[in-house]
Structures are given as C-alpha cells and as structure tokens.
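Engineer: Quick note, the sequences are listed as chains A and B, same order.
Residue numbering for the first sequence follows my numbering, beginning at -9 and increasing consecutively.
Residue numbering for the second sequence follows my numbering, beginning at 73 and increasing consecutively.
Fair warning: there could be bad hints in the mix.
In silico DSS-like cross-links for lysine-lysine, where the CA-CA straight-line distance does not exceed 25 Å [to be verified]:
(1) A:K376 with B:K126
(2) B:K165 with B:K196
(3) B:K194 with A:K379
What the hints contain is simulated information worked out from the structure, not anything from laboratory work.
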Amino acid sequence: MRKVYLDNASSTPILPEVKEAILPYLGEVYGNPSSLHDWGDAARMAVDEAREKVAGLINAGPEEIIFTGCGTESNNLAVKGIALAAQAKGKHVVVSAIEHFSVLNSAKTLEKFGFEVTEVPVDKYGAIDPEDVKKAIRKDTVLVSIMHANGEIGTIEPIKKIAQITKELKVPLHTDAIATAGTIPVDVSELGVDALSLAGNQFYGPKGVGALWVRRGVRIMPLFDGGIQEGGRRGGTENVPGIVGLGKAAEIAKASMESRISQLTPLRNRLLKELPAKVEHVVVTGHPQNRLPGHASFCVEFIEGESMLMLLNNKGIAVTSGSACTSRALKASHVLIAIGLSHEIAQGSILFTMGLDTTPADIDYVLETMPPVVERLRQMSPLYAKFTKAGKGGQ
Amino acid sequence: MPVYNQKVMDHFMNPRNVGEIENADGIGEEGNPVCGDMMTFYIKVKDDRLEDVKFKTFGCGAAIAVSSMVSELAKGMTLDEAMKLTPASVADKLEGLPSNKMHCSNLGAQALHKAIEDYRSKQKAGGK
Chain A
-9 MRKVYLDNAS
1 STPILPEVKE
11 AILPYLGEVY
21 GNPSSLHDWG
31 DAARMAVDEA
41 REKVAGLINA
51 GPEEIIFTGC
61 GTESNNLAVK
71 GIALAAQAKG
81 KHVVVSAIEH
91 FSVLNSAKTL
101 EKFGFEVTEV
111 PVDKYGAIDP
121 EDVKKAIRKD
131 TVLVSIMHAN
141 GEIGTIEPIK
151 KIAQITKELK
161 VPLHTDAIAT
171 AGTIPVDVSE
181 LGVDALSLAG
191 NQFYGPKGVG
201 ALWVRRGVRI
211 MPLFDGGIQE
221 GGRRGGTENV
231 PGIVGLGKAA
241 EIAKASMESR
251 ISQLTPLRNR
261 LLKELPAKVE
271 HVVVTGHPQN
281 RLPGHASFCV
291 EFIEGESMLM
301 LLNNKGIAVT
311 SGSACTSRAL
321 KASHVLIAIG
331 LSHEIAQGSI
341 LFTMGLDTTP
351 ADIDYVLETM
361 PPVVERLRQM
371 SPLYAKFTKA
381 GKGGQ
Chain B
73 MPVYNQKVMD
83 HFMNPRNVGE
93 IENADGIGEE
103 GNPVCGDMMT
113 FYIKVKDDRL
123 EDVKFKTFGC
133 GAAIAVSSMV
143 SELAKGMTLD
153 EAMKLTPASV
163 ADKLEGLPSN
173 KMHCSNLGAQ
183 ALHKAIEDYR
193 SKQKAGGK
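Whole structure, please, built from the sequences with the hints as guidance.
Structural biologist: So this is what it looks like as structure tokens:
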C-alpha cells in the first residue's frame, strides 16, 4: 500500500545528514559541556557551533540563543519568564486568541500570579489586525505574545507591523515562530521582535530540543533554577545530541529554504484548489494565500475528523484533525472556533501538511482517496441525511 | 498501542446495520455536534421484538463502533431486553473503549432507548 505522510506540522522526519551529525554525540563525545577538560571541550564546542547555526537561521547573535527542551518550553520561558521579570512594572499581557496552548496556558498561569490577560481576536482567515493589538496594550502591559504563523490553519500573521506598534509603545514582543522558523525566512531584526521561539522537529531536526531567542537587554526569569548553563537562564546539563541536531537542521534549512518553498507551495496550492472542487461542501480554513508553504487545511461538512483520519490511515495517508473527538480533552479546536466556525463545521477539520518527501503523485493519491472516504462517512451521517432531505424539500 | 482495540476497529471499519428504515416504528436521536457525536437509531418492531435496527452516526471511530455494536446486540431482542442495554455493557462487548471516549461517544444505547420510547408513546397515542 502507498504510504503518504502528510502530518509534517506534528513532526517532520529527521534528515539523514542531521542523524549523522547527531550520532557521535550519542557515542564517543559524551563529556559535559560545563567540564573543563578535553571531554568537556569537545561537547562545548559542538554546542557553541550549533548555537551559531541556530542564530544564523534567524539572523541573531549566538549569545542571545537559549536552548530548551522543546517549543512548548521556549514559549513557557518567554511568556512567564519575561512577564514575571517585569512584574514590578505591570501585570498585564496580550496574546492572540489562536496561540498555541503553551502560550495560552502560560498566560493562564500568569493570571494565578495576579496578571491580567487580554486576548486579541482574529478575522475569518485567522489574521490579526495590528490595530487590535494596539488597542489591547495598556500602561501596565509588560508583554505581547503573537505567533508568527498558526500551525493549524497555516495563516501567517503581520508580525512586522505588530512589532512597529509594540516598539513605539515600548512593550516587548514575543513571537512563537515554531511553525515558521526553518520553513520560511525568519529574521529577528527585520521582524523587529524581542523574543522568538523555535523547535527542531518542525524543520527536519530531532524532537526534544528547541530554542528561545531573547534580544539582549530583555530581562527574563528562568523557569529552571540550576547552574549557569545558557547564561543562567536555563539550568540543566545540555541535551548535546539534540542541540547538535538542531544546529545541523538549522544550517541545512537556511541553505535550502528557497528550494523547499518552491517545492512545497505548488503542492499546497493544488490541494487547496482541487480538494474543494472534487468534494462538495469543503471549506478551506486559514488564509487562502498568506499561509505556510506546505500547509492545506479544510473543514469537511457533515462528517467528523477522527473517523476521516482513521479511514485515511487505513489507506496509508497520515493527517491530523482539530475536531473535538480527536483531542484528548474532547474540545473543538479553539483556533477553528476563533475564526468563527460552528462546532459542527469544526468537527470536520482535516489538516494536510506536506514536507520534503511529498511528491505530486502523493497529492494525486490524496485527491483520489478523499472522495470515497468522505462519501462513506456522509452516507453514515445523520447531519448529511438532514441536509439532503431539507435541500430536496426546499426545492 | 493504538488508541482502539481490534474489536472496535472491526466495527468502525465494517459497521453493521448502517442506514435508515423507511416508515420506522420508532426513531431516537442522541448527542449533539458540540459534544462531538450524534446518533440516530431507527427500529422496526414485531411482536414486541426488535425486528430491525438501523443507525446513522456523526462522530468519531468510537461513536461509529458503539452504534454498530448496539444495533447488532439489539436486533432480535425484546423491547424490555433492549432497554437494559447500558453504555457500560456496550463498551464491555467492544472489549473496552479509551477512557475519554466512554461518555460522549458512548450514546448508542441511549439513542436506541429513545427510539423504543418513541415507539411506545406512538403505540399509546394510537390507543393500542
């Protein structure tokens, strides 16, 4: 059976070059980077080299990179760390309604420490109006955190414009760039942000490693108290193999970014255009153009995402869904609700995220497999039965 | 381990008794799309027994498997026997469901009970 992995937003595969780069650090290079002998030096040099590569990916200074355990940790450290370090100045933070849970729940935790949180809404495409950010900022605002792009609907946010506002109002801006760093050009100077999160498994690096970039001069309270690793901002012995892998993935991503984008964009555009043409009552979620290169997301009406996902898996296609049934909490995706979809429509969420291994033939296979899968579930669906009966009755 | 066991997967991949019954003797609907799952059961009754049971379900793998299992179990039962089916007994027959699927997705028995109640109230109204 054909195997088609279209869940790169959940995790990309690890590139062979990245795996090769990691292997010595799972073997002969085992020293602790903090140790003052040859074994330690070898590990430390590898970490330093990776730091330069990660900094290079986002045009930052290497000393401003903090390695973390994952994207979630980077977001936690940014949101809680910056807000808590600035709490003498004020106790208000601004986030968007479609942030990842690692940002939203960090903001919720801040509420327990007496902070107030303002959520900025999004339009039907999931785009944030910078003017809404401006309106949300108060005298006591100590942090704005707005994602660079949303992993669920693919929409890229106007971070540069938002940064102009936060700069003018002298409020630090953090951006969750986990969906974008390594995927589209991300330049911290050009964007004008003050802190930025990224994660290795989003661009062909390993899991279990991420980074937070914090502009020099922005104070941050560590989440992990420990030694002086990462400038005292993240204690704990470094995950040397993971960091090396992240560095290698960053280096390759920077060099091959343009070719990756030109490979993925046409595949995405085809799926966005042809799936709704092949299957009736399918809506594209997220922005039609201003979206991540390999990202095509939809809601299929009258059926539910998990059952669609399971039938596609049975046909060798891996996808994901934001339906309530798919989530462990059994709640519809807050992102789909924030863009104004009803719970019923949000239940039909399906997300295809393409990667370097994706071929045009894979897209053909998806376009061929989807119609019978949808039809099968619709024939079972009481909602579809009601819809077709109402349609006939009304005409 | 995958989320669903083989029994559940079998009922999901090959659901029994999917469809509607024209001029059904009773129809029962349970659930709503907000919670995630919606099930409609149709029954045909003869001599106080469920001669035919069919269903339509909007929902996840568990919801479809539960509906299928309920329809299979209920077919041929007397109405009183069918009224004794519970979400727990259906889950047992499926050899277990993930814990977070025990509530929302496990509404098949209730939908069937509503169909039986619908039949009984029609009988009463019909003066029989």
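Engineer: CA of B:K165 to CA of B:K196, is that 25 Å or under?
Structural biologist: violated (33 Å)
Engineer: Assess, step by step, whether the Cα of A:K376 is no farther than 25 Å from the Cα of B:K126, and give holds or violated.
Structural biologist: holds (16 Å)
Engineer: Could you grab the alpha-carbon distance between B:K194 and A:K379 and see if it respects the 25 Å cut-off?
Structural biologist: Holds, at about 23 Å.
Against the hints set out earlier in the document, a violation occurs for number 2 only.
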